[in-house]
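*Asks:* Residue numbers (my numbering), protein chains in the order written: chain A, 626 to 935; chain B, 34 to 219.
Hints may be right or wrong, so weigh each one.
Quick list of the computed label-pair ranges, beta carbon to beta carbon [to be verified]:
| id | chain 1 | residue 1 | chain 2 | residue 2 | range |
| --- | --- | --- | --- | --- | --- |
| 1 | A | A776 | B | D192 | 39 to 49 Å |
| 2 | B | A186 | A | G805 | 47 to 57 Å |
| 3 | A | V911 | B | I178 | 39 to 49 Å |
| 4 | A | D654 | B | A116 | 18 to 28 Å |
| 5 | A | R724 | B | D202 | 40 to 50 Å |
| 6 | A | L908 | B | G172 | 43 to 53 Å |
| 7 | A | R778 | B | A116 | 49 to 59 Å |
| 8 | B | R174 | A | L908 | 46 to 56 Å |
Keep in mind that the hints were calculated from the coordinates and are not lab data. Ideal Cβ placement from N, Cα and C applies to all residues, glycine included.
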Amino acid sequence: MSVRHLLDIESLGTERIVQFLDTAEVFFDVSRRKIRKVPTLRGKTVINLFFEASTRTRTSFEIAGKRLSADVVNVSSSGSSVSKGETLLDTVKNLEAMRPDVLVIRHSSSGAPHFIAKHSSASVINAGDGTHEHPTQALLDAFTIRRAKGAIRGLIVTIAGDITHSRVARSNIHLLTRLGATVRVCGPRTMVPHGIEQLGVSVFDDFSAAVEGADVVMMLRIQRERMGEVLFPTAREYSRRFGLGRRVLSNAKPDAIVMHPGPMNRGVEIDPDVADGPQSAILDQVEAGVAVRMATLYLLAGEAGQSPLS
Amino acid sequence: MEAPNARIVMNADEIARALRRIAGEVTERNRGADGLCLVGVRKGGVPLAYRLRVLLRELEGRDVPVGTVDINLYRDDLGTSLAAPVVGRSDIHFELEGRVVLLVDDVLFTGRTVRAAIDALMDYGRPKAVQLCALIDRGHRELPIAADYIGRAVETRRDERVDVLLDADDGGPDRAEVRASAEAAR
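Isolated chain B (complex conformation) (with noise of 0.2 Å):
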């Protein structure tokens, strides 16, 4: 559902575009997709990890196994909260030894959430490489982060939310918005 007051930043078809795009220049900077995997930031990041690897398929003719994490147990707010946030399974069922990890996250947005999940990562195997992918960069980093793959960079208020919305449960189309909320998004 579509808050009143929200801007629509990337549509249906600019996502669609933007990942066809990160395909590419994922595939030309590993010269293929050789020893790469897809690991999704839970929840945001998972169904953009599953969509790159339909595109990484197109490009190279073969499927690179997806993961994902859950960064609750490695987050640096515990008990600033009110509750202890639900913690979700991490499934990365392949080794990463050896291996660059596509780490694939919706937003960018303070950097903590990937600090997080490299900090996770590290803890299933010694991985190669770690490259970081996000549709959307709103800026407001709060730790030394960049982003290696952009779908499209933002200007947001700090205060402001971002959503990614794909397969949304209101049955509209794939979007990103921007609103204004009285508690910062993550």
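So here's chain A without its partners, still in its complex pose (with noise of 0.2 Å):
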């Protein structure tokens, strides 16, 4: 079932990793022609289904899917029969019956990807669950280091800010130190999870300490909706510990990038002078979005040609 599928990037192989980032560059080549559409996924219907807001997530979805000629239906949860109650196995059940061949799920309960992915024939692409995994957000991470650094092993990449309730982290973490290179985390106490060494990362208390001789330095959002005011007292405090601003930049590596999943909270975690800076990267991270959604979509649609249920 999990060739099927993008749930998360824990029970990814290596080789498996690999072969989305480099799917991911030819797709990339095909969004900067003049005529930005492959006829590759004619007559397959992707539904992207989402329980939770999101624009760059699923725009790019939509869009890497338009791009393949495939059917995109965007369903929210806001103005769906979600909003009267029905249950999720429900909700899925009926657009199965529609017979898609992707969902591209995003839910506020980690998880329910792999409880959908159980009850459905089509391919299901995890799109974000909880506190859980961000799959495609990572794979467009090491594709943008991977195209501004040449190679991800042996780079030093900081991961800065709510470590603790961030799928962007969890999934970074996994790919990033699968594929070689060195990881370090920073971040109030109240936002590492204890034991978050066990996934091969060193946990910093100080950021400029953690961004010393960094060749990337990724920056969270503080996910304001998530928590009640206890993990911190003020937004200006914490930017002043934890924001990423020009000073503290210039303990990284001096042709270090700057990333950001989106969307950033300016004079927060990140200062406007580093986000529109010349090492920011963040603009790239949306453009490797499209071309790695693409790959996705390609890859996991190709191969779902031979499962008996489609």
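Put the complex together from the two separate chains, hints included.
*Replies:* Structure below.
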């Protein structure tokens, strides 16, 4: 079942990760042509099923599907039968009956895409589940890093912010350590889970020390909607200790790149100077997102052909 | 590595002569090489396209641009094979608008690859014309497609495999060979 779906990075082999990244290179070229569309998934149907707000990820999947000539349908929880109290399983079963080939799912509950994959004959792509994983984000981050730096092995990557609540951090830690990067995490102690060292990362309390000599500085969004104000006193204090400004960034390698999965809280976790500065790869990440999602749809829809269920 | 029951249908000399003849036919038909470009179909057509460029340079004293096209995104059988085929990069770094494209492949078989390659080309621009060159025409067409330039037409059974080996990994001479195969070649 695992080849048909993309549910997490943790269970992916290195070879499979590299296959996603290499395939995305081809689609990156397609998106830079005059005619940004190929007929590859003609006749296939992709449903974007988003139970959580999203602009970037949903648009990115939609454009990816359309550039592959798939028919793409967007369903969001507001304005759907979900808001009328239908269970997740019933929603999925009803959509299933319309015979989609791929279900792209974002849900606030960790594990929701895995649950749906068990009950679905379509390929399921996890577009972010709770605080668990966001595999296509990690793939597009790796793609961006690889294009900027040539390779991932041997790089020092600092991930800073609310590690505990971040599915982006979790997926990136799995992927980057697997591809041979040294990963450092940094954030207020209340936002760094106990025992995270077991994933092969080192924990820093001091942000400047965490950034020292880094090739990549990846900032996470402070997720106000995920927590009470108990985890840190004020946004200003957070910004002073863990916000990325030019002074902190000067501790990194001179050619280090700055990343952020968006949406940014300007002036909280990242200064506008840095977000818009020459080292920022933030919009490159967005461009890479379409290529990586095209590769994901291509590889999953191509392999689903042999499924006895479809 | 030559399979035990392979029969050679073109040897190195024959391939070299066929390509020289084709280069002559191309310049004759197009009155030189002005406005011409070569696009090799990955992977077998690519080395042939580069050899033709050298031959055209000898005849016309100038280089024509060479590009490559990967047809996997344009296949008509995605989802019917076990795994999504590995896609390669297409590289056409020049404008097709107004040019005559000489599409080059090693073996012409069902015609489906050529159909896909033409569709791919059209997504890069609108060429003035597309001409097709294949080193081996092995028959069994499934689409109304014919080559403009052919190295050699070879009688084959549908379930046989035809391989063109140029600068092969085994260090052997250039050759085109036909052999029996359980799985039909594309």
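*Asks:* Take the hints in turn and mark each one as holding or not.
*Replies:* Results for each hint:
1. A:A776 to B:D192: 39 to 49 Å: For D192 (chain B) against A776 (chain A), whose Cβ atoms are near 44 Å apart, the range 39 to 49 Å holds.
2. B:A186 to A:G805: 47 to 57 Å: Hint holds: Cβ distance 52 Å, inside 47 to 57 Å.
3. A:V911 to B:I178: 39 to 49 Å: About 41 Å separates the Cβ atoms of V911 (chain A) and I178 (chain B), which means 39 to 49 Å holds.
4. A:D654 to B:A116: 18 to 28 Å: holds, 22 Å
5. A:R724 to B:D202: 40 to 50 Å: Once the Cβ atoms are compared, 45 Å apart, the range 40 to 50 Å for D202 (chain B) and R724 (chain A) holds.
6. A:L908 to B:G172: 43 to 53 Å: 52 Å Cβ-Cβ, so the 43 to 53 Å window holds.
7. A:R778 to B:A116: 49 to 59 Å: Hint violated: Cβ distance 26 Å, outside 49 to 59 Å.
8. B:R174 to A:L908: 46 to 56 Å: holds, 48 Å
In this structure, the one hint that does not hold is number 7.
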